[in-house]
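Peer 1: Now for the letters of each chain:
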Amino acid sequence: MRVETKRKLDTVFSFFLFFISSITILVTVGIVYVLVVDAVRFFLHPEGGGFPTSLIRFFTETEWTPTFAIKKIGIAPLLAGTFLIAGIAMLVAVPLGILVAVYLSEYASPKVRETVKPILDFLEAVPTVVYGYFALLFVTPLLQKILTPLGLTVEGMNALSPGIVIGLMILPYTASMVEDALRGVPQYLREASYALGASKLRTAFFVVVPAARSGIIAAYLLGASRAIGETMVVAIAAGMYPQLTLNPLEPVQTITGYIVQVALGDLPFGSFEYLSIFAAGLALFIITLVFNSLAVYVKSKVVGY
Amino acid sequence: MEPRELRLREELTNFNVDFYATGVKVKDAIFKLLGAIVVFLVVTFLFAIAIDLLIDGWSRIIDPKFYTSYPSRFPEEAGILSAWVGTIYVMAGAIFWSLLLGIPTGIYLEEYGGKGKIARIIEANISNLAAVPSIIYGLLALGVFVYRFRFGESILTAGLTLGLLMLPVVVVATRESIRRIPNSIREAAYALGATRWETLLHHILPYSAGGILTGVIIAASRAIGETAPLITIGALTFIAFLPPAPWEDFIGMLKSPFTVLPIQMFNWVSRPQEEFHTNAAAAGFVLLVVALLMNSIAFYLRYKIRKRYVW
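Note that the protein sequences, when read in sequence, are chains W and R. This note's numbering puts the first sequence at residues 1221 to 1525. This note's numbering puts the second sequence at residues 80 to 390.
Warning: the hint list may mix true and false statements.
Said to hold, decoys possible - Simulated pairs of lysine-lysine, DSS-like, Cα-Cα distance not exceeding 27 Å:
| hint | chain 1 | residue 1 | chain 2 | residue 2 |
| --- | --- | --- | --- | --- |
| 1 | W | Lys-1331 | R | Lys-386 |
| 2 | R | Lys-106 | W | Lys-1331 |
| 3 | W | Lys-1337 | R | Lys-194 |
| 4 | W | Lys-1337 | R | Lys-196 |
| 5 | W | Lys-1331 | R | Lys-111 |
| 6 | W | Lys-1337 | W | Lys-1519 |
| 7 | W | Lys-1521 | R | Lys-386 |
| 8 | R | Lys-386 | W | Lys-1337 |
| 9 | W | Lys-1337 | R | Lys-111 |
| 10 | W | Lys-1519 | R | Lys-194 |
| 11 | W | Lys-1521 | R | Lys-194 |
I should point out that these hints are in silico values taken from the structure, not numbers from a laboratory.
Input sequences plus hints: build the corresponding full structure.
Peer 2: Here is the structure:
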């Protein structure tokens, strides 16, 4: 091959690579385009009252029934359901995550760590629909067995069971990231603490954890974002009834659960119901984007040692 | 003296260093035990799920007809034939698209992009895509692939959607395995007169192939259980036929309606009859075993590669 041909091929090749990588930007553009355009069409739709009435109703009404004959389009019940379940999940994932991470990074022998870490990876590969099955047919009956004697009624569909299961689901993911943050703390900080007579436990929680705080917070923000966007567990075990409640024993519906419910039916393209899942999806996208961006921001503020 | 000061003095004189040190040690030991117990519980959680599915679905897992029957109204006759065949077709498409887009993007970012502005945008974009909830990909697929591109509720759409979902993992795997190759290899190739693309195709890619493969398998093991994005594009649950074989009618296969294992399982879980829950457990067990098997292969590959290439 002549040198000129080779050179030309080199240019062609690098252009090809550049072209393909630019396509990946189109994915984000496509997501934003389709969510924004169809959400705008939702707010302009006469069945929602048209702009700007629909937008006001979206934020002020307390019921969400775009698929009913009488259409209420307040996002609040879906937000309440979403944050209730994500909140329960974080109540499970935060304390357990820090416990697992501190144990693995500060206490466990390298051998234990090398065995446990791949199993945490394995847990991430468990399909979410399997977690949903587990929530509906294992955790909920268990909760009913425990809480009913205490005089509490646990509905067959409730927020508590999927919340707990999602917490356990994101635990490996967050614990793994928290552990990375803890291991990033330089050894001399620990040694200085030991030299002052501090115990291992005190060193872990008063020196290592505070030093790794930006990484830990970022890990939990990403975990929360996952819990908010989790779909199958809530679609299976939380119910299909959007209501403005903070009672974890009652059925609730999340944004993701609503999208699944509507998508399961037959959707005429451009109908009010069809457009409503894009409006809900846009809300979900913005919420998770805020959490993800916060995580990136917090992580960029790494404490200097 | 003030009572508070008195109390302090008394505490100090009674202070027993040995007792204090023992207390600290006990606390340390308690925490260590607690940590070990929790880690043990988290690890057994995986086995708990697997065993729960195995027990619930046992009667169908051991039934060979379960794997060779179409879905049915009668739970004891229903099977996962169309589901697992659909899963294979969809995953083949997903792997194809994720490789087609993921490897060039990884190479570009690692070898060509440098610290340029565009490369930084592409990089931020990829890490952002990794954190987008999967159901949003489903909305993208519904709004763009199904209705605007008119691909229909087909295997093509499903493969493309899951391929995009896998993309960030494949890009990161490509970049990491390329980064591990020392510069001396590149310089040796350049010194012998090879151009950039020759170096890439003859040296960089073959050396990083194992690492990329590992990443693809891990990404695929996550995508195979994805349910939400396929529900939004209208994956059907009652499919009593198989898509045409790709060597007979390739376009027909791409355009064929489909179902996949997780969708079939979701459908069975959502039914009130308990007999269907047995089917759901069996399908879930199959899905779990496949996903874990793929993960184990990736784990083994990674281990092998680490041993093989020592620069």
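Peer 1: For each hint, tell me whether it holds in the structure or not.
Peer 2: Okay, the hints, checked on the actual structure:
no. : hint                    : verdict
1   : W:Lys-1331 - R:Lys-386  : holds (18 Å)
2   : R:Lys-106 - W:Lys-1331  : holds (24 Å)
3   : W:Lys-1337 - R:Lys-194  : violated (33 Å)
4   : W:Lys-1337 - R:Lys-196  : violated (36 Å)
5   : W:Lys-1331 - R:Lys-111  : holds (16 Å)
6   : W:Lys-1337 - W:Lys-1519 : holds (22 Å)
7   : W:Lys-1521 - R:Lys-386  : violated (37 Å)
8   : R:Lys-386 - W:Lys-1337  : holds (19 Å)
9   : W:Lys-1337 - R:Lys-111  : holds (18 Å)
10  : W:Lys-1519 - R:Lys-194  : holds (20 Å)
11  : W:Lys-1521 - R:Lys-194  : holds (21 Å)
Checked against the numbered hints above, the structure violates hints 3, 4 and 7; every other hint is satisfied.
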